[in-house]
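Undergrad: What follows is the residue order along each chain.
Number of protein chains: 2
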Amino acid sequence: MAHNTVVTWTNEMAFDVELDGHHFTIDADEEFGGKNRGPRPKALLLSALAGCTGMDVVSLLGKMKMPFEKFALEVEGELGEEHPKVYTDIVIRYIFYGKELDRDKIEKSVKLSLDKYCGVHTTLAKSANIRHEILLNPS
Amino acid sequence: MAHNTVVTWTNEMAFDVELDGHHFTIDADEEFGGKNRGPRPKALLLSALAGCTGMDVVSLLGKMKMPFEKFALEVEGELGEEHPKVYTDIVIRYIFYGKELDRDKIEKSVKLSLDKYCGVHTTLAKSANIRHEILLNPS
Chain Y
35 MAHNTVVTWT NEMAFDVELD GHHFTIDADE EFGGKNRGPR PKALLLSALA
85 GCTGMDVVSL LGKMKMPFEK FALEVEGELG EEHPKVYTDI VIRYIFYGKE
135 LDRDKIEKSV KLSLDKYCGV HTTLAKSANI RHEILLNPS
Chain A
35 MAHNTVVTWT NEMAFDVELD GHHFTIDADE EFGGKNRGPR PKALLLSALA
85 GCTGMDVVSL LGKMKMPFEK FALEVEGELG EEHPKVYTDI VIRYIFYGKE
135 LDRDKIEKSV KLSLDKYCGV HTTLAKSANI RHEILLNPS
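Sequence lines, in order, name chains Y and A. Taking my numbering, the leading residue of the first sequence gets 35, the next gets one more, and so forth. Taking my numbering, the leading residue of the second sequence gets 35, the next gets one more, and so forth.
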């Protein structure tokens, strides 16, 4: 199966991204001639990772009938010093809120996603050391 | 340097992505329980690649004082068959329109981006065979 994106220069360092029929703007920050009219492109790798494993986990927990009230993922990526700068260390935090959270089911879902389903994890893990944390009802 | 993203589940398979202070929605397609309210997360890898090398090329052509009227990048990624599904073949098309296009300068900029600056290319090239084409004033 093939996926496509079209990324069109608008002005200065800003581009329009078309993906799956949706549009959003990306831009450089001021240091590199942009005006922060949208996110930086490289960091989209981290959002792709969060979204990919997040959707796996929602789907798996649905099959396991484990309800949650809120779910968020925080992903932090540390860039190397040398050009081309790639993410060398990544932390994924899976944060759940709910009254009936089952840590075993959550850990099983996360493990299945990272080991078996999430192609973004497999791709980024070739460059980065990726670790994860699971937080249940943090205050 | 560290980059961060927060990806928050909204409902069904949809999530809100926060990156660099900007927000957009991602969603699965209908086949996987989504409603296509935003793009698929994995394909954001292709948009990240286009944006990263596109910004490099705009910056380099600015320094080389090579004007263009329009510039777009099309990126196509072919997924492998086995889980976890990763992009195994990627094509980047750099498409320029203008009256004073200089192929040598464009080729030099693209080569510098892919060989030296674009960390997204370096990252994805560990899993995928990536090739590129440069199209000047295609009809």
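These are calculated hints, taken from the structure and not from any lab test. The reader is advised that the hints may include incorrect statements.
Once the Cα atoms are required to be at most 25 Å apart in a straight line, the calculated SDA-like pairs of lysine to any residue come out as [to be verified]:
hint	chain 1	residue 1	chain 2	residue 2
1	Y	Lys99	A	Asp50
2	A	Lys150	Y	Asn70
3	Y	Lys69	Y	Met100
Undergrad: What's the verdict on Lys69 of chain Y and Met100 of chain Y, does the C-alpha distance respect the 25 Å limit or exceed it?
TA: violated (43 Å)
Undergrad: Hey, Lys150 of chain A versus Asn70 of chain Y, does the alpha-carbon distance stay inside 25 Å?
TA: Given pair Lys150 of chain A, Asn70 of chain Y holds - Cα atoms ~24 Å apart, limit 25 Å.
Undergrad: Is the hinted pair Lys99 of chain Y and Asp50 of chain A satisfied, with a Cα-Cα distance of at most 25 Å?
TA: holds (23 Å)
In terms of the numbered hints stated before, the structure departs from hint 3 and from no other.
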